[in-house]
Every structure is written in C-alpha cells, then in structure tokens.
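Number of protein chains: 2
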Amino acid sequence: MSDVSAVKALVFDVFGTVVDWRSSLIVDFTKWGAARGINADWTALVDAWRGVYMASMDEVRKHPERGYVILDALHRRSLEKLVAQFDIKGLTEADLDYLTRGWHRLNPWPDSVSGLTRLKTKFIISPLSNGNVALLTNMAKFAGLPWDLVLSAELFEHYKPDSETYLGAAKLLCLPPEQVMMVAAHNNDLKAAQKLGLKTAFVARPTEYGPHQKYDFEAKGDWDIVAKDFTGIADRMGC
Amino acid sequence: MSDVSAVKALVFDVFGTVVDWRSSLIVDFTKWGAARGINADWTALVDAWRGVYMASMDEVRKHPERGYVILDALHRRSLEKLVAQFDIKGLTEADLDYLTRGWHRLNPWPDSVSGLTRLKTKFIISPLSNGNVALLTNMAKFAGLPWDLVLSAELFEHYKPDSETYLGAAKLLCLPPEQVMMVAAHNNDLKAAQKLGLKTAFVARPTEYGPHQKYDFEAKGDWDIVAKDFTGIADRMGC
Numbered sequence: 592m593s594d595v596s597a598v599k600a601l602v603f604d605v606f607g608t609v610v611d612w613r614s615s616l617i618v619d620f621t622k623w624g625a626a627r628g629i630n631a632d633w634t635a636l637v638d639a640w641r642g643v644y645m646a647s648m649d650e651v652r653k654h655p656e657r658g659y660v661i662l663d664a665l666h667r668r669s670l671e672k673l674v675a676q677f678d679i680k681g682l683t684e685a686d687l688d689y690l691t692r693g694w695h696r697l698n699p700w701p702d703s704v705s706g707l708t709r710l711k712t713k714f715i716i717s718p719l720s721n722g723n724v725a726l727l728t729n730m731a732k733f734a735g736l737p738w739d740l741v742l743s744a745e746l747f748e749h750y751k752p753d754s755e756t757y758l759g760a761a762k763l764l765c766l767p768p769e770q771v772m773m774v775a776a777h778n779n780d781l782k783a784a785q786k787l788g789l790k791t792a793f794v795a796r797p798t799e800y801g802p803h804q805k806y807d808f809e810a811k812g813d814w815d816i817v818a819k820d821f822t823g824i825a826d827r828m829g830c
Numbered sequence: 592m593s594d595v596s597a598v599k600a601l602v603f604d605v606f607g608t609v610v611d612w613r614s615s616l617i618v619d620f621t622k623w624g625a626a627r628g629i630n631a632d633w634t635a636l637v638d639a640w641r642g643v644y645m646a647s648m649d650e651v652r653k654h655p656e657r658g659y660v661i662l663d664a665l666h667r668r669s670l671e672k673l674v675a676q677f678d679i680k681g682l683t684e685a686d687l688d689y690l691t692r693g694w695h696r697l698n699p700w701p702d703s704v705s706g707l708t709r710l711k712t713k714f715i716i717s718p719l720s721n722g723n724v725a726l727l728t729n730m731a732k733f734a735g736l737p738w739d740l741v742l743s744a745e746l747f748e749h750y751k752p753d754s755e756t757y758l759g760a761a762k763l764l765c766l767p768p769e770q771v772m773m774v775a776a777h778n779n780d781l782k783a784a785q786k787l788g789l790k791t792a793f794v795a796r797p798t799e800y801g802p803h804q805k806y807d808f809e810a811k812g813d814w815d816i817v818a819k820d821f822t823g824i825a826d827r828m829g830c
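So the protein lines, in turn, are chains S and Z.
Going by the numbering used here, the letters in the first sequence line up with residues 592 to 830, in that order.
Going by the numbering used here, the letters in the second sequence line up with residues 592 to 830, in that order.
Note that these hints are calculated values from the structure, not bench results.
There may be inaccurate statements among the hints.
As the list makes no split between identical chains, a pair holds if one copy fits it or if it spans any two.
In silico lysine-lysine, BS3-like type, Cα no more than 25 Å apart, as pairs [unchecked claim]:
#: 1; residue 1: Lys762; residue 2: Lys819
#: 2; residue 1: Lys713; residue 2: Lys732
#: 3; residue 1: Lys732; residue 2: Lys711
#: 4; residue 1: Lys672; residue 2: Lys599
#: 5; residue 1: Lys762; residue 2: Lys782
#: 6; residue 1: Lys782; residue 2: Lys599
#: 7; residue 1: Lys811; residue 2: Lys732
#: 8; residue 1: Lys732; residue 2: Lys782
#: 9; residue 1: Lys811; residue 2: Lys672
#: 10; residue 1: Lys653; residue 2: Lys672
#: 11; residue 1: Lys786; residue 2: Lys599
#: 12; residue 1: Lys782; residue 2: Lys622
#: 13; residue 1: Lys680; residue 2: Lys819
#: 14; residue 1: Lys672; residue 2: Lys786
#: 15; residue 1: Lys811; residue 2: Lys680
#: 16; residue 1: Lys680; residue 2: Lys711
#: 17; residue 1: Lys811; residue 2: Lys713
#: 18; residue 1: Lys786; residue 2: Lys732
#: 19; residue 1: Lys762; residue 2: Lys805
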C-alpha cells in the first residue's frame, strides 16, 4: 500500500471527477429550451460541445503569442460554431450567455459533497481544473462544494496537462509536489501529475460520457489510491 | 445612501480587518516562549515586526527586477533582522519557522466569522490580502473563515495598494470593478480601490495596533458603507 501520510493538500479535477457535467447540462438545457421555445437536440449539442473541448485548449497551447484564453471564452466560441452547425434558430446574445454559463451550473456526483466535507477536516482541498476561476467559484456556490481555495489553469495561463498547472498549484500552496495529491477520474491527468512528483488518486466515473464513454472505466496506472468514489478516498485518507 | 445593489462579490483586507494579528501573535509567542524557555519581549517584537511591514513590501515594489517575493519570505527576512536587533538567543531554524508561521495562526475578530457566513449566502466572499495564498489558506482553516476562494497579492505579483491587485481580483471574478466591494479597516486601502471603480466598505478596528494605533479610528472618505463591524455590513447588504 502506498504511503500517503505526508499529503497535506488534495487537488481535484472537476469536470467529470467532482461534477456530472453531461447530465446536468442536458437536463438544464432541455428544460430551458422548452420554456424558451427553442427547438434543438440538446443532448447532441452537449456531446458535441464537450467533443471540441480538447481541441479548443490545444489551440491556446499552440498559439502562446495570442495570449491565454479562459475556458468561458473557449466555451462561447465553440458554442457559436455548434449553433450554426446544428442550425439552432432564435438564440439571442443573452441566450448564448445563458448556455455558456451552463458550465457554472453543474451538479455534483452523489458522493462528492460528503466526501469533500470529510476530507476538508484534515486536508486543504481545492479544485485544479481547466475551468476559469469565476466558473469554478460560481459552480462551488451552485453545487455546495466546500473548497478551501480555488486553483485554476487560469492562474498559471496553462491548461492541464501542462506541467505549469500541477507545479504551480504546489508552489502556491508552499508545498513540495509529494505533499499534494491529484484526484481525478482521468488516467491521463494523473499520469501528468505523477510524473511531476504529486501523489495520485483515481475514482472511476463510468457514466461521465453517458453511452459515449470510451475509456477511464478503470485505473490504468500505479496510482497511490484507487477508489470507487470520494467516500473511498476519505476512508483511505483517514478522515 | 449609496447604491450597492449591483455588488456580486466582497473582497476583504485581512490583517486587522478580519483577524486581530497583534493580540493573536503576542498571546501565541508569549505562551510558546515560556514553554520553549526563550526569553524575549514578545509584544515589542510583534510591534516592531509589523512596523517594518510596509517598508518590506516597498522593497519588492522598488525592485521588480529581483522578482516578486511572497509575504512569508518577507516576514522571515524581517524576523531574522529583529531577532538580532532584540538580541533574542537560542532560536533554531524550526523556531524561526514557527514564529514566521505565527502569521498563519491569527484569530478572527468576534464578529468576523458570523458576518462572513451571512454574507456568503448572497455574495462571493474572498480575501484580497497581501498575505500569500498558503498563508491565507492556512489562516482560513485555523480561524474558520468561510471564503469561497482565496485572492492574494501573490496572484498578481503586486502588493496592495498597487492597482494590479484590485483590478486583477475583478478580472479573475469576471466582474466589472463596480460589482466588487472592497472591505477594509484601512482608509488608504479603500481609497485605492475606489479610485479604480470598486465599491467600498469601512469597518473600524480601533484596537488593531493596541496602544500604538495612530489612525483609521474612523472613516476618512466617501465610502459606500461605513459599519461598526461585519454584522453591520451584512445588515446593510441585506443578508
């Protein structure tokens, strides 16, 4: 069993790991679309939107000379393209804003709040997400996530899995990487964190992508903790 | 009466405004010194330490080519000089670290936690302090301060009252300055914030400097709110 006794802070991937973005957005938009009289396949829109997520961050990574662009702005750009592509009619500026801010209104997985609350009694807990600071702050208030602070890719002007994010988080916490544990439902996120000396915890979220889930059904690496959910992480961390 | 209805976030000065640094440090060090067998005038040390605070930040401001230095490091440098000056004997490396981290272990004023808890129900609440992120995070856990996020001068690599701090906070929150209210017990902090378009709230903390308090007994500006304590701010903000 891996030694995690030196860990002082746990930092969490958020989309998929802490919150169920897909179901949240589909339910929110379907209800809103019906009330607003906007006809669209909201499920397809949500899946397509998340489908271009990685590519939109790659664009920022490839063009540092254009400056860092926060996730809210990437979401908005992608949405405008998808609205045209899906031929969704009648959306105003305020509607586009409402949809983009849907990413601030995501529901936690059933174990997230209770697990975080337990972990907070012994450890510093923070998101370490590609979401921007305002997005993560608004989401925490919406979902009741009891973060001690909000660490975001925005603070380092680099998206995960760039090393600046993991090392930047440890630096702001004034902790060596081995005293920080990255928690994620995504093996690639943990792989990047582990390479830099952080401790790692994996939770499976096998319904994150609904019927389109292709990977991350299970741990694919030598992670310090592998748990079913945040309850399992809190148990393992002695909270 | 000033219109504060557009405010979405309140950001707080911390040392003196939220926590009683002077009494906290004097009590902590006196108790620790007795147990550790270190003889010193801890009250004089604390007053002298705070006395060089402004000058230590001015050094960073004057020498941007040396890079930003976090407050923990400035505190440590100042302490080493004062220990020599006060001729305090027998301090180990661990002792100097303990004393420096005294600034992470500060008690809130009696109204702080209840006032913040009320304000948090309607607004985003965050420190906006010259303390570094780890210092503010550790202090929040020690003192039970229910911040939504932790904004610090460290994130902007500028100390207050540099404009980068106030505008940087608004930018990270994705809010225009007029939707952010600066709360402080120091008129000069509010003056800098108001000049940049932030709303302002003053609370008097007339015992912050003990018998050495020279100013900030009352509001000296046209602040949007002037309150006796955080209870008064929560009342005024309709929480």
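These are the hints, each one checked on the structure:
Taking CA atoms no more than 25 Å apart as the test, Lys762 paired with Lys819 passes in neither setting, with 30 Å inside one copy and 37 Å between copies. When the C-alpha separation of Lys713 and Lys732 is checked against a cutoff of 25 Å, the pair qualifies both within a copy, at 22 Å, and between copies, at 10 Å. For the homomeric pair Lys732 and Lys711, the shortest alpha-carbon distances inside one copy (16 Å) and between copies (9 Å) are both at most 25 Å. Taking the shortest alpha-carbon separations for Lys672 and Lys599, neither the intra-copy value of 43 Å nor the inter-copy value of 31 Å comes in at or below 25 Å.
Proximity of Lys762 and Lys782 under a CA criterion of 25 Å is satisfied intra-copy only: 19 Å inside one chain copy versus 32 Å between copies. In the homo-oligomer, the alpha carbons of Lys782 and Lys599 lie at most 25 Å apart inside one protomer (20 Å), although the nearest pairing across protomers, at 38 Å, exceeds that limit. Taking the shortest Cα distances, Lys811 and Lys732 never come within 25 Å of each other, neither inside one copy (33 Å) nor across copies (34 Å). Taking the shortest Cα distances, Lys732 and Lys782 never come within 25 Å of each other, neither inside one copy (30 Å) nor across copies (30 Å).
Taking the closest pair of Cα atoms, Lys811 and Lys672 never come within 25 Å of each other, the shortest separation being 35 Å inside a single copy and 52 Å across copies. Proximity of Lys653 to Lys672 under the C-alpha cut-off of 25 Å is restricted to the intra-copy arrangement: shortest distance 20 Å within a copy versus 47 Å between copies. With identical chains, the CA atoms of Lys786 and Lys599 are at most 25 Å apart within one copy only, with a shortest distance of 19 Å there and 40 Å across copies. Taking the shortest alpha-carbon separations for Lys782 and Lys622, neither the intra-copy value of 38 Å nor the inter-copy value of 46 Å comes in at or below 25 Å.
For the identical chains of this complex, Lys680 and Lys819 are neighbours neither inside a copy (42 Å) nor across copies (53 Å), given an alpha-carbon limit of 25 Å. In this homomeric assembly, Lys672 and Lys786 never come within 25 Å of each other (Cα to Cα): the closest approach is 36 Å inside a single copy and 40 Å across copies. For a Cα distance limit of 25 Å, the shortest separation of Lys811 from Lys680 qualifies neither inside one copy, at 43 Å, nor across copies, at 55 Å. Taking the closest pair of Cα atoms, Lys680 and Lys711 never come within 25 Å of each other, the shortest separation being 45 Å inside a single copy and 38 Å across copies.
For the identical chains of this complex, Lys811 and Lys713 are neighbours neither inside a copy (28 Å) nor across copies (42 Å), given an alpha-carbon limit of 25 Å. In this homomeric assembly, Lys786 and Lys732 never come within 25 Å of each other (Cα to Cα): the closest approach is 33 Å inside a single copy and 30 Å across copies. Within a single copy, Lys762 and Lys805 get their C-alpha atoms no closer than 34 Å, and across copies no closer than 37 Å, so neither meets the 25 Å cut-off.
In summary, the numbered hints that this structure violates are 1, 4, 7, 8, 9, 12, 13, 14, 15, 16, 17, 18, 19.
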